[in-house]
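Sequence order for the protein chains is A, B, C, D, E, F, G and H.
The first sequence lines up with residues 1 to 119 when you count with our numbering.
The second sequence lines up with residues 1 to 158 when you count with our numbering.
The third sequence lines up with residues 1 to 523 when you count with our numbering.
The fourth sequence lines up with residues 1 to 136 when you count with our numbering.
The fifth sequence lines up with residues 1 to 174 when you count with our numbering.
The sixth sequence lines up with residues 1 to 84 when you count with our numbering.
The seventh sequence lines up with residues 1 to 89 when you count with our numbering.
The eighth sequence lines up with residues 1 to 111 when you count with our numbering.
The hints are simulated quantities; they were obtained by calculation from the structure and are not laboratory data.
Note that the structure is predicted; figures quoted are calculated from it, not measured.
Check each hint, because a few of them may be wrong.
[Claimed, not checked] Just so you have them, the derived chain B footprint on chain E, three or more residues with Cβ under 8 Å:
no. : stretch
1   : 9 to 19
2   : 40 to 47
3   : 90 to 99
4   : 121 to 132
[What the hints assert, rightly or not] One side only, chain C facing chain H, incomplete, derived with CB under 8 Å:
no. : residue
5   : Leu-60
6   : Ile-180
7   : Val-219
8   : Val-275
9   : Leu-383
10  : Ala-417
11  : Phe-420
12  : Phe-456
13  : Gly-458
Yeah, the Cβ is synthetic: ideal placement off N, Cα and C, and Gly gets one too.
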Amino acid sequence: MIEYIPYIAVVAMVFIGLYAVVFRRNLIKIVIGITIIESGVNLFLITLGYRGGGIAPIYTSLPAGTTYPEEMVLPVPQALTLTSIVIGVAVLALMLSLVMHIYRKYGTLNVRKMRRLKE
Amino acid sequence: MSSMSKIVRTMTNILFPLTMIFGLYVIAHGHLTPGGGFQGGAIVASACALLVVTYGSRWVLGRIKEKRLSTFESIGAVSFITLAFLGLVFSMVFFGNFLAGSNLLFGTTPVTGSTLADFNTGGVLPLMNFAVGIKVVTGLFAIVLIMAYASSTKEWNS
Amino acid sequence: MTPLEFLIEQSPALIVAVPLLGAFLTSLIGRVNEKARNIFALFIVCLTGVLIAILASDVLTSGPRLYVFGAQNLQVPMVRIIFEVDSMSIFMAIITIILALVALVYSWSFLKEYDGLDKFYTLALLLITSTLGMELTGDMFNFFVFLEISCITSCALIAFWITEGEALEAAFKYLVISSIGALFILFSIGLLYAQYNALNIATLASVLQFSFVDKIILVLLVVVLAMKAGVVPMHMWLPDSYGRAPPSVILVIMGATLASFYGILRVIFTLYGEVLTTTMRFNLPMHVLVGWLLIALAVVTIIVGVLMALIQSDFMRLIAYVAVAEIGYMLLAVGTGFAAWGTAYATTALHGGVLHILNDALDIGLLFLVAGAVYYVTKKRLLDDLGGLARTMKYTTVFLLIGLLAVAGMPPLNGFASKFLIYESVYQLNPILAIVAILCSILMLAIFVKVFYAAFLGPQRNITASTGLKEAPRSMLIAMGVFAAAAIFIGLFPNYVLDTLVKPAVSALLNHADYIGMVIGGV
Amino acid sequence: MIFDYLIYVFLGIGLFFNVLAGVGLLRFPDVYTRLHAGTKCTTFGSIFLIGSVILIGLKLWWEKDTNGSVLALHSALALVAILLTNPVGAHAIARAAHRSGVKPVRAIADHLAESPPLQTGEKTDKKQQPQEEGGK
Amino acid sequence: MKTFVVTTIVSFIIYLLLTTGSGSEVLGLWSYIELLFGLLLSCVVGGVAHHLFIKESFRMANPVRWILFLGYLIGPFFVALAKANLDVAYRVITGKINPAIVKISPGLKTDFGITMLANSITLTPGTLSVDIDEDSNDLYIHWINADVKALEKTPVDCSYVCGKFPKWIRRIAE
Amino acid sequence: MGIEILIANALILLLTVIGCIVAVILRDLLAAAIALGAMSLLLSLEFYILQAPDVAIAQAGVGACLTTAIIVLTIKGTKRMEEE
Amino acid sequence: MIDVYTTYLTVVIALALCVILALVRVIRGPTAPDRVVGVDTINTIVIVGMVAFGMAFREVIYIDVAIVYALLSFVSTLFLAKYLEGGEF
Amino acid sequence: MFGLESGSGFWNPVLWGCIIFIAFLLLYGIRGFGRSTYKKGTEQESSFLSGNPESTPEEMQVKASNLYWGFTSSMKTLYNGLRSMHTGDVGDYVLWFIIILAILFVVIGVM
């Protein structure tokens, strides 16, 4: 049961993030939207790996007498999420530095005014 | 530029080594407990961000140059890949764990199950954790430092 | 084991590892000496090229290769990173490395006057690494990681001319849309893992069921990769970023874009090939429907690309729209090949499409280099401000002519060879498609007549006597000459390339069972 | 048995003060008074909540359970971290609020607003810290 | 050099606390390699942070002061903390406040002392340190229930606001 | 496996989603950054419940500190209010 | 011996209710410092909640996360405070 | 060796080269029928305009943006649609992406 509740939150987070990216006009809001989508996807991956009553996938903390697959939460999605978090930081930092540069050049954070490249 | 109040500064002086040793602990125990190069690196970088916020970016830039940070970042990355190449040289497999089971540094074979965490295991993994840690610390610190400097300077360009 | 055998055995890993090592070593060397850094970067790319050549000779003679990271044998659970190299991957790797090599040679003098070159070389080598990784990997998650690295590095490279606001704008737009796309890919990878408990392309392909979730995954993967490849109407980032980045950067980014296109091929043919060709809906096999969807996207792409290119006044942006149209031609061929799976002309269409990937890289690359040379000499972007360049830039004019004739598909240049195959096969599927394709090709010629007339003929405009106009520097001419020579060579001997590279690649795409059996049988 | 009740008492006190912090945050009229609630009560509440964890850890240590005692030790470190950071954070927020122009509501005196603007300690700091330290 | 050694030792102690239970070779709690590695990492921290960690003098390295400090924490400080919380609870429930920002000059010299006092004030009845005068170490305090009698003087007498804290802290930190 | 963890899980997820909505709606970018920080720390707690301490540390280190920090720095470098 | 698992999970639920109260302040807060106060309170409560979870699951590593959090939330609070103060970073 | 064959057609560069060569020869022959009195550097070269003063070459060359004016103005509705599609707004980029995703979801999901 516990493993089904987060999916609702995942859907909500992805849609909220998409809303922010599509309809919000502020550059920083767009960045925040992408962060929210990313958090949703991370939560999704972690929830995929969860098993009811499982324990954390740590080699040295296995209770005596148990073996790998039955008792543990799946470790692979957690590794995937870690990678995704790492990448997320890089993307976030790059985006925000671009936002700062754009503000210096354009004098605005409004997307509608940041349209020198069109057609 | 400007630093924060004396109370914050004093507490930063106390917390900075504390946070840093904790981050290094997380990096060093990456092969035993949760954490590892990235997480520990993020913690240490946060400790450095603490310095940036309390003392101001000018103060920090007066102590460590951004160029040196990016040099360290390159060194971290290069040492990571070099470890992978050493695996190729010593055990004929790229990313080969040539230290595991060798009873040298980190060479003990781990015991399965609920045991006391033996630090001396993992082969090249702790070393790789440290390489990643160096890269992450310097990279994130450089990001925070440069953004802090840029955000409070009016006349920068490029 | 002789050193050569060892090298052959380890080459898939080394192809990715060498540029990765080089990327960080260049920035260290750049501290010491700038010239040494340039030479070192070039050396690294050459070394990678040699490794790719070694691997290619092995793969083309003895079939697909499997490489498992960090394990002597495959007795462990299948959570290892796996590289699987078949002829298609190696074909794309060759294209990437050619583009990279030429880009580095070109940037030698093109970027000389700008600063921040340390970061340029690091990022370019990282981008090459990630592109090669995308092409060689046999693992969905690994594919995602390399895709994401290529997003970040190409965004940083697009913003190379950081003093121009437009470059920053283009970079930001690219990063927003591509990171959202990459997150969707991660989402679909999560779904795949949840269903089949595997991340390997081959393992997944062998157990895929085509349930509802699998349909969602298919749509997500194909649409995101199509977006990354620049298919209309998700192409808008492409003219923005191609129009505002330095040409040597564009070449490297183009490698990444083509790798995304390769991703579409991999998903459709290898991952979903088995399922789509055997499932029936409405008395039609599924692959017909998917193929026609691709064809619809492709036709829109061609038409919009060409029509928008016609009204552009910015030189590089114009070429970028033509690049969009070229992507449409490839997608048209692939869609035809997939819709008519099993027939003879499907194979022909795929031959044309896969050959067109190479031709697109060469021709559009050549045009971008010419545009870069024009920019280098005149510092102007708009066609209206240019004129009479043919009087001083003779070689560049010749290269431009070769490039534009090749893109427009005029014989005897390479564009004709692939477009000929595409027209022939598409005509057999549906004549109207072929007519549209030919008409758009003619329009493309008209576009280039405009460029040639406006920028290279007529009186010289706005040239002050003090600066004067010279021919582009030698390294740029060499870079352009390589592409021009390759274009003429492929145009004259299309069969040679077709037999050695394209046909194995297409047969690797069509016989997905080999690719799957490699992992399943190998374990 | 007594021990169990002790833990329940600890938990009760801790939870009561944490809830009080939340209520205080909602009921007080301005930033400074909210800081009173948000800082003092959560700190006090967390002392008791973590104290209960430490008590259980001590009991486990008495029963020779290494895992439990290590747990208590780490919890104590977390408590130390909270105690060190919380008041300083509150001070920083209060100072920031005052400098950003938030006036204390219903204040009968405001010496800070009357006093001349205060220096930040940059200059004195530079004197104490000569430049040669960076590279060592 | 001395600063380096002290910082290293302090961080090593923290490392030891974190890694308790890692082995059974040293005192049944740590393993040798853990200690070795911890020393190495502590040296790194000491090298980086020693100028920050110890700024003024080695006054706080004296163990007597630490015992006093512990006594202070458990004794008057904790009592004051408890009183403070009951006070806040009372004010949350009744909503009776009478706030003021007042200035006090506790007369402490060292940074550590003034920090300790400010933190104690923040955590104890009805008061919250808002700002500090860098030169004279005067504190500006938000007082939730100001005493009108105390406000007659401008630096307000310490005994109204923080009781005997300055004396304790002077004994510990100066 | 009691009902408690279920309730805790649902509550924390609800709060996370509320944090997201607040971060998107508020016009004050600083407030949005604050709400994003709150969201990310609640998300870290959720990772905790789902038995992923590894990810929780990463999310704590990155989401709690660095994300907020660099967004605040960006707001400092640009401007705070979202214009219409 | 009390049932550690159930007890501490109940504690966590109660703490989540406290978080709701603080979150209301974050949403409503008329000025930015009010929101920062709310987040600061949430930080402390979440740290305690992490410790309680660690006790409930009986895992030491979970409490490490709490320590990390206690140290790092301070940094983000300082960043926000310094911005509000109007200081140059 | 040379050449390309699809199912229904073929392409041979050698053959093509021969044909081009022959065509070139033919053209050269035709050129021989032209007027032989044309002289370079005389008045014959300059253009003749009545009424207006002679314009400079810069003015006479049609600018790139005006070159296909007829084509674009006759397809004005199409071009207006295309221009309004390319707004240059990041939100619209993402919106197009999501629209395509939704369309394909519907199309493939129905099947």
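For each hint, the structure was consulted:
1. Only residues whose beta carbon comes within less than 8 Å of a beta carbon in chain B count, and the stretch 9 to 19 of chain E has 6; three or more means the coverage holds.
2. Remark: the stretch 40 to 47 of chain E is confirmed as covered by chain B, as 5 of its residues place a Cβ nearer than 8 Å to a Cβ of that chain, reaching the required three.
3. Counting residues of the stretch 90 to 99 of chain E whose CB lies closer than 8 Å to any CB of chain B gives 0, which falls below the minimum of 3, so the coverage claim is violated.
4. Judged by the Cβ-Cβ criterion of 8 Å, the stretch 121 to 132 of chain E is covered by chain B as claimed, because 3 of its residues qualify and three suffice.
5. Hint status for C/Leu-60 relative to chain H: violated, with the closest Cβ pair at about 19 Å, above 8 Å.
6. A cut of 8 Å between beta carbons decides the hint on C/Ile-180: the least distance to chain H is about 6 Å, and the hint holds.
7. Proximity of C/Val-219 to chain H holds as hinted, the smallest CB-CB distance being about 5 Å (cut-off 8 Å).
8. Given hint, C/Val-275 at the interface with chain H, is violated; its Cβ is 12 Å from that chain's nearest Cβ, farther than 8 Å.
9. Restraint check, C/Leu-383 versus chain H: the minimum CB separation of about 4 Å is within 8 Å; hint holds.
10. Look at C/Ala-417: its Cβ gets to within about 6 Å of chain H, closer than 8 Å, so that hint holds up.
11. Interface hint at C/Phe-420: satisfied, since its Cβ lies 6 Å from the closest Cβ of chain H, which is below the 8 Å cut-off.
12. Interface hint status for C/Phe-456: violated, as the beta-carbon distance to the closest one in chain H is roughly 11 Å, over 8 Å.
13. A hinted interface residue such as C/Gly-458 counts as satisfied when its beta carbon comes closer than 8 Å to some beta carbon of chain H; here the least separation is about 4 Å, so the hint holds.
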